[in-house]
Amino acid sequence: MSSNAKSRMLSRAAQDIAPNMIVNLGIGLPTGLLQFLPQDFPVCLHSENGIAGIGPQVAYDDADRNLIDAGGAYISPIKGASYFDSATSFAIVRSGRLDLTVLGAFQVAANGDLANWMIPGSFTPGAGGAIELAQKAKRVIVTTMHTDKNGKPKIVENCNLPLTAKNCVNRIYTDMAVLDVTDNGLLLVEIAEGNSLQDVINATAAPLILPQAEPPTF
Amino acid sequence: MSSNAKSRMLSRAAQDIAPNMIVNLGIGLPTGLLQFLPQDFPVCLHSENGIAGIGPQVAYDDADRNLIDAGGAYISPIKGASYFDSATSFAIVRSGRLDLTVLGAFQVAANGDLANWMIPGSFTPGAGGAIELAQKAKRVIVTTMHTDKNGKPKIVENCNLPLTAKNCVNRIYTDMAVLDVTDNGLLLVEIAEGNSLQDVINATAAPLILPQAEPPTF
Amino acid sequence: MTLANKTADIAAAIKLIPDGASVMVGGFGSPGTPFCLIEQLVKQGSKNLTIIKNDANQNDMGIDLLLQNGQVDKLITSHIGLNSNAIALMNAGSLEVEFVPQGILAERIRIAGAGLLAFVTDVGIDTSLANGKQTITLKGVDGVAGILETALSADFALIHAARADTFGNLSYAATAQNFNPAMAMAARLTIAETTDIVPLGDIDPDCVHTPAPFVDKLVHLPELTEAYNVIKR
Amino acid sequence: MTLANKTADIAAAIKLIPDGASVMVGGFGSPGTPFCLIEQLVKQGSKNLTIIKNDANQNDMGIDLLLQNGQVDKLITSHIGLNSNAIALMNAGSLEVEFVPQGILAERIRIAGAGLLAFVTDVGIDTSLANGKQTITLKGVDGVAGILETALSADFALIHAARADTFGNLSYAATAQNFNPAMAMAARLTIAETTDIVPLGDIDPDCVHTPAPFVDKLVHLPELTEAYNVIKR
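Top line first, the protein sequences correspond to chains A, B, C and D.
If you count by numbering that gives the first Met the number 0, then the first sequence holds residues 0 to 217, one letter each, in order.
If you count by numbering that gives the first Met the number 0, then the second sequence holds residues 0 to 217, one letter each, in order.
If you count by numbering that gives the first Met the number 0, then the third sequence holds residues 0 to 232, one letter each, in order.
If you count by numbering that gives the first Met the number 0, then the fourth sequence holds residues 0 to 232, one letter each, in order.
No lab work stands behind these hints: they were computed from the structure.
Among the hints, erroneous ones may be present.
[What the hints assert, rightly or not] With beta-carbon atoms standing in for the labels, derived distance ranges:
1) A:Lys148 x D:Asp72: 31 to 39 Å
2) C:Gln43 x D:Gly80: 46 to 54 Å
3) C:Ser83 x B:Leu196: 38 to 46 Å
[To be verified] Restricting the straight-line Cα-Cα distance to at most 27 Å, the calculated cross-link-like pairs of lysine-lysine (DSSO-like) are:
4) B:Lys148 x B:Lys137
5) D:Lys42 x C:Lys138
6) B:Lys165 x B:Lys78
7) C:Lys73 x D:Lys14
[Stated by the list, open to error] Residues of chain B placed beyond 10 Å of chain D at every Cβ, according to the derived structure:
8) Arg7
9) Val42
10) Gly79
11) Ser81
12) Val92
13) Thr123
14) Leu160
15) Lys165
16) Val188
17) Ser195
18) Ala204
A virtual CB, placed ideally from N, CA and C, is assigned to each residue, including glycine.
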């Protein structure tokens with residue numbers, strides 16, 4: 000994915016964050032959304048290792064060795080932050096206090112099934128907190144490349160990898176498109192600049208519901 | 000119970016507190032044990048409303064309105080005290096961190112069954128924390144008058160009141176005697192000054208195992 | 000990034016509580032009881048409430064005012080021995096009381112706040128407390144392991160804090176903590192009162208007892224009324 | 000009344016851990032990991048250990064040293080993606096790994112610390128995570144409500160605290176809190192390390208994260224070694 004396409008995707012996904020949401024950004028791509036929020040945007044960022052109120056990342060030399068996010072990045076707290084233990088942190092998650100979580104994906108299915116923690120036989124690191132985030136946040140969006148590094152579609156009719164959670168994804172942002180998971184399947188919402196409708200259809204291994212009018216670009 | 004008999008009982012029961020124990024003293028009579036401990040005695044007093052490290056009671060005019068024990072008495076913390084919420088407080092209780100609890104009783108049975116929270120039809124205030132204290136403390140002792148205000152024995156073969164916990168009491172201190180709950184029944188350990196062996200037998204509605212030698216007085 | 004300001008007018012906050020609501024109320028005895036929020040609920044007069052509180056306060060204070068005002072259908076509690084009015088209402092059959100052992104009550108509330116469904120405990124297993132409750136056997140273990148105790152959530156929680164920042168991070172004083180942290184977690188909408196609302200950053204993030212994600216509305220009290228003092232006896 | 004002094008020599012404290020013990024180790028990544036206690040356990044060489052830790056640290060630090068030293072039979076964890084050595088040992092079949100979703104791991108530990116037997120959750124109910132687990136139906140509710148997750152206790156817990164008083168009241172710094180409070184509750188014997196042991200009364204009782212009744216031995220560290228710094232990448 001070109002750095003342009005990635006920026007465009009993250010910038011578009013950042014618009015999903017409404018004021019005053021409590022948001023958990025998954026490790027990797029999702030953390031990148033932050034740079035596209037206005038500096039004084041009202042949002043409470045939660046990380047499952049025990050903080051609500053994450054501020055900007057800090058350089059190693061300025062880092063507090065006791066203060067990281069779940070991905071291991073050195074962070075700073077904003078004013079009004081709180082620290083808590085892991086049991087309390089997941090109490091926030093499971094009791095439905097997260098308005099939004101943004102996750103990566105190995106595969107997303109047409110019904111919103113998500114697989115993002117295990118590729119049997121090749122990569123089994125454990126799910127960390129992904130299962131509870133995916134199952135319990137009020138809104139789950141995925142940011143991912145549309146295809147894997149071999150060009151294989153990651154958006155599929157049915158996942159063949161072990162699921163993180165069933166029927167949990169609400170929206171998918173990729174380098175090629177924005178897709179909504181609906182009761183009737185995947186609705187094409189927007190197309191990334193430089194891609195044709197046919198490009199998106201070809202790169203997707205699930206049927207797409209096309210809008211009446213030409214889908215807008217982003 | 001004369002104030003002398005009561006003092007003797009509490010003073011004798013206080014000897015059950017070994018150095019460095021974590022102890023919960025039930026509401027009422029048991030709290031009275033404190034006055035018979037040396038001032039610098041090493042013990043951590045827990046109260047289920049959320050403190051470990053209770054110090055002396057304080058007068059109303061000097062009281063911190065946020066600091067009471069479970070019985071509602073104004074207390075002070077000793078140095079090294081901690082405050083915690085109710086869930087954590089009972090985590091201490093149920094996980095077996097209490098070395099000793101001292102409870103009152105309506106009835107104690109020969110097998111250590113305890114009834115101390117409900118007299119059906121006349122008094123049903125709820126059990127508060129008594130059930131978990133009785134069931135989970137490593138050692139449970141009861142301080143009580145030997146008979147109720149009508150002279151009816153409180154130490155019985157079987158409780159007819161609803162149980163707080165089964166088979167939980169290790170030792171009973173009364174105004175007349177000290178009794179141990181053993182696998183074979185109640186063992187008479189000591190007799191309070193001024194009472195004869197026959198007095199104790201008459202006031203007890205359960206068989207007593209008598210020691211080989213004359214039981215010592217206290 | 001900035002954080003929402005959750006301060007609200009007391010009348011507007013309590014207005015959210017309709018007839019028939021379930022309401023958790025913090026406090027163990029007087030400490031930690033949100034007397035002002037309760038009094039506003041009395042003034043408002045919402046009816047057919049289910050109240051969840053460790054105890055029933057004492058006569059003529061705290062939730063006893065709701066009981067006396069006929070606003071409460073059911074009380075879930077561990078102990079009401081200091082409130083003769085509550086005992087009388089219960090004995091007269093005009094108040095349904097569900098007694099729960101104190102630590103089981105705290106844990107049923109916390110489990111709800113942790114987004115879980117139930118827990119298994121051996122507390123009370125050999126007594127009448129187990130009557131009517133579902134028992135659980137564990138795979139590979141002979142015999143009944145314990146009683147299933149279900150999560151206890153509520154529509155609202157009324158919380159008394161010593162201090163809060165404008166985002167709703169709460170800290171409590173001494174034994175006024177008690178049921179407040181678990182209840183703040185277990186309600187669908189949590190309203191906290193405090194005399195001391197401070198700017199963001201004035202509460203050390205390491206000393207927050209209830210993180211703000213659990214708190215929805217924050218009511219500033221100009222002062223503590225006489226009810227907040229432990230009763231002389 | 001006075002309170003016990005729980006300070007102990009590091010070698011004497013770790014000496015208590017025999018072959019075959021189950022050991023909980025605090026920390027999420029580097030913050031909160033008791034590196035010095037772990038290194039003493041490596042030095043001591045206790046074998047056939049079961050280690051319970053959120054993650055496997057990174058290569059060549061923390062519990063990876065126990066893994067590399069062949070001291071660990073089984074690891075119960077949520078994620079080992081940053082430790083390629085752990086993944087290799089697992090794939091080679093020389094290390095048994097039980098994966099537990101992170102919040103379920105935290106709660107299984109906390110439930111043990113709360114003296115309870117199990118809890119019921121719908122987390123993972125529709126996925127392979129439910130395979131082989133006992134499911135529970137609730138009385139009066141149709142269908143399976145959730146999975147029974149059993150309490151996870153251990154013989155020992157190794158804890159890193161920012162500060163402790165001599166009685167063992169602990170406070171943690173920032174995200175170094177993580178699994179430490181629940182693990183301190185869930186072990187039969189809890190050993191905490193800190194560079195900062197203060198006299199009784201120097202920790203505000205309202206700011207204690209782990210109350211001393213959960214702590215058995217307290218090891219003073221003269222200083223933090225290089226391992227305590229988050230690794231540069």
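Status of the hints after comparison with the structure:
1. A:Lys148 x D:Asp72: 31 to 39 Å: Since the Cβ atoms of Lys148 of chain A and Asp72 of chain D sit about 37 Å apart, the hinted range of 31 to 39 Å holds.
2. C:Gln43 x D:Gly80: 46 to 54 Å: holds, 53 Å
3. C:Ser83 x B:Leu196: 38 to 46 Å: Distance hint for Ser83 of chain C, Leu196 of chain B holds at roughly 42 Å.
4. B:Lys148 x B:Lys137: violated, 31 Å
5. D:Lys42 x C:Lys138: Distance ~38 Å between Lys42 of chain D and Lys138 of chain C Cα, so the pair is violated.
6. B:Lys165 x B:Lys78: violated, 36 Å
7. C:Lys73 x D:Lys14: The hint is violated at about 55 Å.
8. Arg7: holds, 23 Å
9. Val42: Incorrect as stated: the minimum Cβ-Cβ distance to chain D is 6 Å, not above 10 Å.
10. Gly79: The assertion about Gly79 of chain B is violated, with a minimum of 4 Å to chain D.
11. Ser81: Ser81 of chain B is in fact no farther than 10 Å from some Cβ atom of chain D, at 4 Å.
12. Val92: About 7 Å separates Val92 of chain B from the closest Cβ of chain D, which leaves it inside 10 Å; violated.
13. Thr123: holds, 25 Å
14. Leu160: holds, 26 Å
15. Lys165: Since the minimum Cβ distance to chain D is about 17 Å, Lys165 of chain B lies beyond 10 Å and the statement holds.
16. Val188: At about 27 Å from chain D, Val188 of chain B clears the 10 Å cut-off, so the statement holds.
17. Ser195: holds, 37 Å
18. Ala204: holds, 34 Å
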